[in-house]
Structures are given as structure tokens and as C-alpha cells.
Amino acid sequence: KQEVTQIPAALSVPEGENLVLNCSFTDSAIYNLQWFRQDPGKGLTSLLLIQSSQREQTSGRLNASLDKSSGRSTLYIAASQPGDSATYLCAVKSQRGGSEKLVFGKGTKLTVNP
Amino acid sequence: DAGVIQSPRHEVTEMGQEVTLRCKPISGHNSLFWYRQTMMRGLELLIYFNNNVPIDDSGMPEDRFSAKMPNASFSTLKIQPSEPRDSAVYFCASSTGPGRGDQETQYFGPGTRLLVL
Chain A
1 KQEVTQIPAA
11 LSVPEGENLV
21 LNCSFTDSAI
31 YNLQWFRQDP
41 GKGLTSLLLI
51 QSSQREQTSG
61 RLNASLDKSS
71 GRSTLYIAAS
81 QPGDSATYLC
91 AVKSQRGGSE
101 KLVFGKGTKL
111 TVNP
Chain B
1001 DAGVIQSPRH
1011 EVTEMGQEVT
1021 LRCKPISGHN
1031 SLFWYRQTMM
1041 RGLELLIYFN
1051 NNVPIDDSGM
1061 PEDRFSAKMP
1071 NASFSTLKIQ
1081 PSEPRDSAVY
1091 FCASSTGPGR
1101 GDQETQYFGP
1111 GTRLLVL
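If you're matching them up, the sequences are chains A and B in order. 106 is the number that the working numbering gives to position 106 of the first sequence; each next residue is one higher, with no gaps. 1001 is the number that the working numbering gives to position 1 of the second sequence; each next residue is one higher, with no gaps.
Keep in mind that the hints were calculated from the coordinates and are not lab data. Here the structure is a predicted model, which means the values were calculated and not measured. Check before you lean on any hint, since a few could be wrong.
Over 12 Å on every C-beta distance to chain B, these chain A residues come out as not near it, computed from the model [to be verified]:
(1) N18
(2) D67
(3) G83
List of simulated lysine-lysine pairs, BS3-like, C-alpha gap at most 30 Å [what the hints assert, rightly or not]:
(4) K1068(B) with K101(A)
(5) K1(A) with K1068(B)
(6) K1078(B) with K42(A)
(7) K1024(B) with K1068(B)
(8) K101(A) with K1078(B)
(9) K1024(B) with K106(A)
(10) K1078(B) with K1024(B)
(11) K42(A) with K1068(B)
(12) K106(A) with K1(A)
(13) K101(A) with K42(A)
(14) K1(A) with K109(A)
(15) K42(A) with K1024(B)
(16) K106(A) with K1078(B)
(17) K109(A) with K42(A)
(18) K109(A) with K1024(B)
(19) K1078(B) with K1(A)
(20) K1(A) with K68(A)
(21) K106(A) with K1068(B)
(22) K101(A) with K1024(B)
(23) K106(A) with K42(A)
(24) K106(A) with K68(A)
Cβ coordinates follow ideal geometry from the N, Cα and C atoms, glycine included.
All chains should be modelled from the sequences, with the hints used to inform the complete structure.
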């Protein structure tokens, strides 16, 4: 059974700092890995999707990497801003157990202080 | 497009009452997902449909929960009877469907916050 773990559960940083969020998964047989953002009281918004054949994806100040063999992904946020404060969730789409299912980590709650 | 629409946004009910949550997926999307989010267990998939047909309901906690998708633009998740432990945020999501397993993502609605007293 696929399990996804995110460390740390919460992170507080001053504005302008670069930071890294970590995600690990137990089964490397995946179609893709995605990073989502969730604001309080809101739904999830997809930030980056890395296909299993890719190593990284970039969008603006965000960079996500994938090491499928070791079951790890990182989300790098450059020059953090207070508007980046949110919960970030990692999810994998496993090849086993149905091609549509996403398995989520519990998220990292990020606070960027002005 | 208005995105995935869920109603109600908030629901407070008493134990034993029937609760019905509603979802309208993005037009043209063929897959629809129901998730439940709690502090303890995080985000869990309850059931998903492809072309209005339930594909995997292994996440449905028990017989008190049922989901239907009568057509491509509407789905319901029903809890009868409701219990305090059902209190959670319920999300609906949709996607273009299978066939692009490594590329497609899911689009989430704003969720329904359910409190069962």
C-alpha cells in the first residue's frame, strides 16, 4: 500500500528566505507526483506535476524535484513571501491499485513572516 | 469555466440526520472524485467515478455512506444516518479521465465543511 509522508508538518520562516519541503513515498511504481497548495477554507490548487520519467519541474519561484528510485521529492521555494503562507500537499498517482487514485501526504503548513 | 462547484459550503446537523452533499464537475471532465479531509487522517479518497460509473469505492467507510452520479454534470454523497465522527471537510474533484495517467491532474472544489453534533 502506497504511503506518503511529508516533513516537516509545520515550518515558519522570515520573508525572503529560500526553503525546502520534503515528501517521501513507499512505492516507486508511480505515474506522477504532484504538489498542491491549500489555503485555509479553500480547495486544493495544483502547483507542479512531475511525470515519472521527469526529474524536475519549475514554475516561477517554485522548483520540484523527483527521485523515483529513492522515493523522494522536494519542493523548493525561492525568496519566500507572506503570500506563500499555506499548506502544501504532496500526492502520488500509483500504478498499482487503479490508475486514477491519488495518495496524499498530510501536508506541511508554511508560515512566512513579514 | 466556473471550476468544480460544491454545495452546501457549510452544513451543521444533528446525529442521526441524513446529509446530502452535492458536486458539479468541470464540463467535459470524465472522472469525479470524493475525498474526506480530517486533521487525524489527512485527505482520503472515498470513491471515484469514470463516465458516471463507480470505479473504486474501497475508501467508503461504511454502509452509511453512498454516492451517485446520475449524469455527467452532477454527483451526490449521502450520509445516513450521520454521526459526530463524520465531521470533516468533504472535497469533490474532477479530471479529464484515464488515458493520460502520467500527465493529468485533478481540479478540486472548495469543499463542504460538515459538523455533526
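Structure-based check of each hint:
no. : hint                   : result
1   : N18                    : holds, 26 Å
2   : D67                    : holds, 17 Å
3   : G83                    : holds, 19 Å
4   : K1068(B) with K101(A)  : holds, 18 Å
5   : K1(A) with K1068(B)    : holds, 27 Å
6   : K1078(B) with K42(A)   : holds, 22 Å
7   : K1024(B) with K1068(B) : holds, 12 Å
8   : K101(A) with K1078(B)  : holds, 21 Å
9   : K1024(B) with K106(A)  : holds, 26 Å
10  : K1078(B) with K1024(B) : holds, 15 Å
11  : K42(A) with K1068(B)   : holds, 24 Å
12  : K106(A) with K1(A)     : holds, 16 Å
13  : K101(A) with K42(A)    : holds, 21 Å
14  : K1(A) with K109(A)     : holds, 25 Å
15  : K42(A) with K1024(B)   : holds, 16 Å
16  : K106(A) with K1078(B)  : holds, 25 Å
17  : K109(A) with K42(A)    : holds, 14 Å
18  : K109(A) with K1024(B)  : holds, 29 Å
19  : K1078(B) with K1(A)    : holds, 27 Å
20  : K1(A) with K68(A)      : holds, 16 Å
21  : K106(A) with K1068(B)  : holds, 27 Å
22  : K101(A) with K1024(B)  : holds, 20 Å
23  : K106(A) with K42(A)    : holds, 16 Å
24  : K106(A) with K68(A)    : holds, 20 Å
Violation of the numbered hints given earlier is absent; every hint is satisfied by the structure.
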